[in-house]
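**Student:** Take a look at the letters that make up each chain.
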Amino acid sequence: MVPADLSAIHPQAEGSMRLVEGVMSRNYAPKDGTDPDKITFVQVDADKCEACGACEEFCATGAIQSINDDGIHQVVDPAACMNCGQCLVNCPYGAIYEGVSFVDELFAKLKDPDTVVVSMPAPSVRYGLGECFGASTGTYVGGKMHAALRKLGFDYIWDTEYAADLTIMEEGTELIQRVKEQGQKDARPLPQFTSCCPGWIKFTETFYPDLMPNLSSCKSPIGMLGPLAKTYGAEETDTKPKKIYTVSIMPCIAKKYEGIRPELNDSGFSDIDATINTRELAYMIKAAGIDFNSLPDQDPDPVLGESTGAATIFGNSGGVMEAALRLAYEVLSGEKLNNPDIKVVRTHEGINTADVNVPNFGVVKVAVASGLKNAAKLCDEVRAGKSPYHFIEIMTCPGGCVNGGGQPLDPEIQASLFRSTVAQINKRFRARKIKA
Amino acid sequence: MIMKRRSFLKACGVMAGYAVLTVNVASEAFAAAMSFVALRQKSVYAADANPKIYTYRKSQDNPMIVKIYNHKDGFLHDGPCGHKSHELLHTHYIDRSAKLAALKAKGYKLSI
Ligand code: SF4
Ligand code: SF4
Chain U
0 MVPADLSAIH PQAEGSMRLV EGVMSRNYAP KDGTDPDKIT FVQVDADKCE
50 ACGACEEFCA TGAIQSINDD GIHQVVDPAA CMNCGQCLVN CPYGAIYEGV
100 SFVDELFAKL KDPDTVVVSM PAPSVRYGLG ECFGASTGTY VGGKMHAALR
150 KLGFDYIWDT EYAADLTIME EGTELIQRVK EQGQKDARPL PQFTSCCPGW
200 IKFTETFYPD LMPNLSSCKS PIGMLGPLAK TYGAEETDTK PKKIYTVSIM
250 PCIAKKYEGI RPELNDSGFS DIDATINTRE LAYMIKAAGI DFNSLPDQDP
300 DPVLGESTGA ATIFGNSGGV MEAALRLAYE VLSGEKLNNP DIKVVRTHEG
350 INTADVNVPN FGVVKVAVAS GLKNAAKLCD EVRAGKSPYH FIEIMTCPGG
400 CVNGGGQPLD PEIQASLFRS TVAQINKRFR ARKIKA
Chain D
0 MIMKRRSFLK ACGVMAGYAV LTVNVASEAF AAAMSFVALR QKSVYAADAN
50 PKIYTYRKSQ DNPMIVKIYN HKDGFLHDGP CGHKSHELLH THYIDRSAKL
100 AALKAKGYKL SI
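First to last, the protein sequences are chains U and D.
In this text, residue positions in the first sequence follow numbering that gives the first Met the number 0: the first is 0, and each later residue adds one.
In this text, residue positions in the second sequence follow numbering that gives the first Met the number 0: the first is 0, and each later residue adds one.
It is worth saying that the hints were derived from the structure and are not from the lab.
It is possible that part of the hints are untrue.
Unchecked claim - Keeping only pairs whose Cα atoms sit at most 30 Å apart, straight-line, the calculated DSS-like set for lysine-lysine is:
{"#": "1", "chain 1": "D", "residue 1": "Lys108", "chain 2": "U", "residue 2": "Lys335"}
{"#": "2", "chain 1": "U", "residue 1": "Lys385", "chain 2": "D", "residue 2": "Lys98"}
{"#": "3", "chain 1": "D", "residue 1": "Lys105", "chain 2": "U", "residue 2": "Lys372"}
{"#": "4", "chain 1": "U", "residue 1": "Lys364", "chain 2": "D", "residue 2": "Lys41"}
{"#": "5", "chain 1": "D", "residue 1": "Lys41", "chain 2": "U", "residue 2": "Lys372"}
{"#": "6", "chain 1": "U", "residue 1": "Lys30", "chain 2": "D", "residue 2": "Lys83"}
{"#": "7", "chain 1": "U", "residue 1": "Lys241", "chain 2": "U", "residue 2": "Lys110"}
{"#": "8", "chain 1": "D", "residue 1": "Lys108", "chain 2": "U", "residue 2": "Lys342"}
{"#": "9", "chain 1": "U", "residue 1": "Lys335", "chain 2": "D", "residue 2": "Lys83"}
{"#": "10", "chain 1": "U", "residue 1": "Lys335", "chain 2": "D", "residue 2": "Lys103"}
{"#": "11", "chain 1": "U", "residue 1": "Lys47", "chain 2": "D", "residue 2": "Lys105"}
{"#": "12", "chain 1": "D", "residue 1": "Lys108", "chain 2": "U", "residue 2": "Lys47"}
{"#": "13", "chain 1": "D", "residue 1": "Lys105", "chain 2": "U", "residue 2": "Lys37"}
{"#": "14", "chain 1": "D", "residue 1": "Lys83", "chain 2": "U", "residue 2": "Lys184"}
{"#": "15", "chain 1": "U", "residue 1": "Lys385", "chain 2": "D", "residue 2": "Lys103"}
{"#": "16", "chain 1": "U", "residue 1": "Lys335", "chain 2": "D", "residue 2": "Lys71"}
{"#": "17", "chain 1": "U", "residue 1": "Lys376", "chain 2": "D", "residue 2": "Lys105"}
{"#": "18", "chain 1": "D", "residue 1": "Lys103", "chain 2": "U", "residue 2": "Lys47"}
{"#": "19", "chain 1": "U", "residue 1": "Lys335", "chain 2": "D", "residue 2": "Lys105"}
{"#": "20", "chain 1": "U", "residue 1": "Lys335", "chain 2": "U", "residue 2": "Lys30"}
{"#": "21", "chain 1": "U", "residue 1": "Lys179", "chain 2": "D", "residue 2": "Lys66"}
{"#": "22", "chain 1": "D", "residue 1": "Lys98", "chain 2": "U", "residue 2": "Lys30"}
{"#": "23", "chain 1": "U", "residue 1": "Lys242", "chain 2": "D", "residue 2": "Lys66"}
{"#": "24", "chain 1": "U", "residue 1": "Lys37", "chain 2": "D", "residue 2": "Lys108"}
{"#": "25", "chain 1": "D", "residue 1": "Lys51", "chain 2": "U", "residue 2": "Lys342"}
{"#": "26", "chain 1": "U", "residue 1": "Lys372", "chain 2": "U", "residue 2": "Lys37"}
{"#": "27", "chain 1": "D", "residue 1": "Lys108", "chain 2": "U", "residue 2": "Lys241"}
{"#": "28", "chain 1": "D", "residue 1": "Lys71", "chain 2": "U", "residue 2": "Lys239"}
What the hints assert, rightly or not - Here chain U is said to cover these stretches of chain D; the calculated rule only asks that three of the stretch's residues, wherever they fall, bring their Cβ under 8 Å from a Cβ of chain U:
{"#": "29", "segment": "35-43"}
{"#": "30", "segment": "51-61"}
{"#": "31", "segment": "71-81"}
{"#": "32", "segment": "94-107"}
As the list claims (entries may be wrong) - Under 10 Å between C-beta atoms, here's a sample of chain U residues computed to sit facing chain D:
{"#": "33", "residue": "Thr33"}
{"#": "34", "residue": "Asp36"}
{"#": "35", "residue": "Thr39"}
{"#": "36", "residue": "Gly61"}
{"#": "37", "residue": "Thr136"}
{"#": "38", "residue": "Gly141"}
{"#": "39", "residue": "Tyr161"}
{"#": "40", "residue": "Lys201"}
The structure displayed is predicted, hence computed values, not measured ones.
All residues carry an ideal CB built from backbone N, CA and C; glycine is no exception.
Based on the sequences and whatever the hints tell you, model everything.
**Tutor:** Shown next as structure tokens:
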């Protein structure tokens with residue numbers, strides 16, 4: 000496939016703002032070594048804020064709050080913000096912007112013939128991207144997404160879904176080890192928490208650091224794919240690791256924070272060089288003049304590209320749990336799991352708990368929470384020593400990554416909220432008039 | 000400037016109903032967002048169950064996973080949670096509560 004011509008695309012000034020699929024975004028790519036805790040990934044434009052307070056309702060930590068008598072909201076300090084972007088996607092006035100964007104840096108790398116640019120798209124991107132090109136909500140566009148990445152000039156189309164399968168192998172094995180070592184000296188504690196979601200990880204580190212031993216030591220899928228690309232991937236493709244520029248493509252804003260964590264350097268380099276989200280990928284495809292809808296369906300490149308259904312369900316709340324159980328069941332029972340659907344753990348909102356019967360082993364007790372307010376309830380239980388579970392999955396965004404802060408916006412939120420606000424005001428106004 | 004920043008709600012003169020309205024707006028937004036999310040979730044499970052999209056449904060069946068863990072010559076030949084895995088695929092966490100404590104000491108009220 001002939002790559003698109005990017006020669007007409009020029010970088011904007013650092014710090015300048017632009018509209019990316021309905022969200023204002025600041026052109027700022029933090030350099031290696033920048034402290035991620037000092038960066039504002041999400042902030043309110045005070046001139047656009049209408050003081051409705053919706054953002055505050057959606058924020059679990061209270062990081063976003065009214066700062067003056069007019070009710071204008073701000074993220075008061077990045078230390079209290081988990082960078083989830085739930086405030087951003089739910090602001091009915093489009094007043095919240097993104098503070099970090101690697102789009103211009105990435106365009107420059109794609110144009111540079113000396114850089115080997117590697118794509119690493121997360122599961123949920125392929126269920127959101129199509130919406131930016133007119134497809135109905137949730138349409139699967141995985142094949143076109145791979146083709147679009149090739150067309151943009153990415154050298155290797157590797158896929159975070161492959162690393163999701165790897166995560167299951169590592170995290171599932173860790174869980175089985177933890178269960179077996181209970182009662183021994185130095186046993187790692189149960190329940191084991193999932194570690195895929197960067198908002199949740201920062202939340203634990205900030206609000207529940209005493210529970211860090213319960214977090215799986217496994218990196219998230221993207222945290223695994225970055226270093227593998229620069230070691231195994233480099234080996235398999237005969238590429239010099241230092242020429243490789245890895246691009247994490249996520250439905251998420253908090254992944255931008257994860258991508259610049261200084262400890263993620265196990266390849267001998269920065270494991271993840273850039274992080275963009277679904278909206279930014281759509282922006283880049285449009286900027287490059289690619290006709291997305293007429294692209295053929297294409298596969299990712301082998302070795303670090305192939306994936307399974309267990310990997311794609313990582314995007315839904317309960318998905319990591321279900322994928323892990325598809326492994327744990329077979330390992331613990333020694334039997335084949337004939338029907339891989341474990342529907343009891345599928346979670347739309349709130350907290351979901353289940354007892355899963357595993358033959359030749361016993362009951363595995365699991366819990367799935369979506370949204371950090373729900374996560375806090377489970378954390379308090381663990382802290383009090385009253386948690387009966389073996390394994391707990393937490394997603395920061397209600398419903399999971401498919402509803403991440405970096406996904407295309409729900410067109411209805413802004414439109415219908417505005418309409419309903421006006422309707423409610425009118426109703427009150429009428430009611431008062433009638434009484435008077 | 001102040002007029003410009005005044006909220007739409009205030010400009011409409013609904014001072015009294017403001018607090019109630021705020022809650023309604025948020026819960027309505029939540030309901031709207033969740034029905035939207037349901038559509039995306041449904042599509043994810045449909046792809047998982049569609050053999051034309053995913054040949055395999057369990058991570059352990061992925062041929063490229065089998066390859067990387069191959070005992071003889073796989074890149075991670077010592078298996079999941081083996082030595083090489085710990086080097087490349089596992090991590091540690093950092094206590095960030097001091098920053099929070101500092102923020103609270105400055106007088107900020109948070110929800111947790
Ligand atoms: S949701 Fe948007 S408009 Fe409403 S208070 Fe928050 S930032 Fe301001
Ligand atoms: S990004 Fe998330 S944690 Fe930060 S202010 Fe918004 S809702 Fe709160």
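**Student:** Each hint should be assessed against the structure and marked as holding or not.
**Tutor:** Hints, verified against the model:
1. D:Lys108 / U:Lys335: violated, 52 Å
2. U:Lys385 / D:Lys98: With a Cα-Cα distance of about 28 Å, the restraint between Lys385 of chain U and Lys98 of chain D holds, given a limit of 30 Å.
3. D:Lys105 / U:Lys372: holds, 24 Å
4. U:Lys364 / D:Lys41: holds, 25 Å
5. D:Lys41 / U:Lys372: OK: Lys41 of chain D and Lys372 of chain U at ~24 Å, within 30 Å.
6. U:Lys30 / D:Lys83: Holds - the C-alpha atoms of Lys83 of chain D and Lys30 of chain U are around 29 Å apart, at most 30 Å.
7. U:Lys241 / U:Lys110: holds, 17 Å
8. D:Lys108 / U:Lys342: violated, 40 Å
9. U:Lys335 / D:Lys83: holds, 28 Å
10. U:Lys335 / D:Lys103: violated, 52 Å
11. U:Lys47 / D:Lys105: Cα-Cα ~27 Å, so holds.
12. D:Lys108 / U:Lys47: Distance ~24 Å between Lys108 of chain D and Lys47 of chain U Cα, so the pair holds.
13. D:Lys105 / U:Lys37: With Cα atoms ~17 Å apart, Lys105 of chain D and Lys37 of chain U stay inside 30 Å; holds.
14. D:Lys83 / U:Lys184: holds, 25 Å
15. U:Lys385 / D:Lys103: Given that 30 Å is the threshold and the Cα spacing comes to 28 Å, the pair holds.
16. U:Lys335 / D:Lys71: This hinted pair holds, its Cα atoms lying about 25 Å apart.
17. U:Lys376 / D:Lys105: Holds, at roughly 27 Å.
18. D:Lys103 / U:Lys47: holds, 28 Å
19. U:Lys335 / D:Lys105: violated, 57 Å
20. U:Lys335 / U:Lys30: violated, 48 Å
21. U:Lys179 / D:Lys66: holds, 27 Å
22. D:Lys98 / U:Lys30: holds, 22 Å
23. U:Lys242 / D:Lys66: holds, 25 Å
24. U:Lys37 / D:Lys108: Holds, at roughly 19 Å.
25. D:Lys51 / U:Lys342: Answer holds: Lys51 of chain D to Lys342 of chain U is near 21 Å, not above 30 Å.
26. U:Lys372 / U:Lys37: holds, 24 Å
27. D:Lys108 / U:Lys241: violated, 45 Å
28. D:Lys71 / U:Lys239: holds, 25 Å
29. 35-43: Contact hint for the segment 35-43 of chain D vs chain U: holds, 9 residues under 8 Å.
30. 51-61: It holds, with 10 qualifying residues against the three required.
31. 71-81: holds (count 4)
32. 94-107: holds (count 8)
33. Thr33: Thr33 of chain U check fails; min Cβ-Cβ to chain D is 15 Å, beyond 10 Å.
34. Asp36: holds, 6 Å
35. Thr39: violated, 14 Å
36. Gly61: Since the shortest Cβ distance to chain D is 4 Å, the answer is holds.
37. Thr136: Where the cut-off is 10 Å and the nearest Cβ of chain D is about 4 Å from Thr136 of chain U, the hint holds.
38. Gly141: Holds, because the Cβ-Cβ distance from Gly141 of chain U to chain D comes to roughly 7 Å (cut-off 10 Å).
39. Tyr161: holds, 6 Å
40. Lys201: holds, 7 Å
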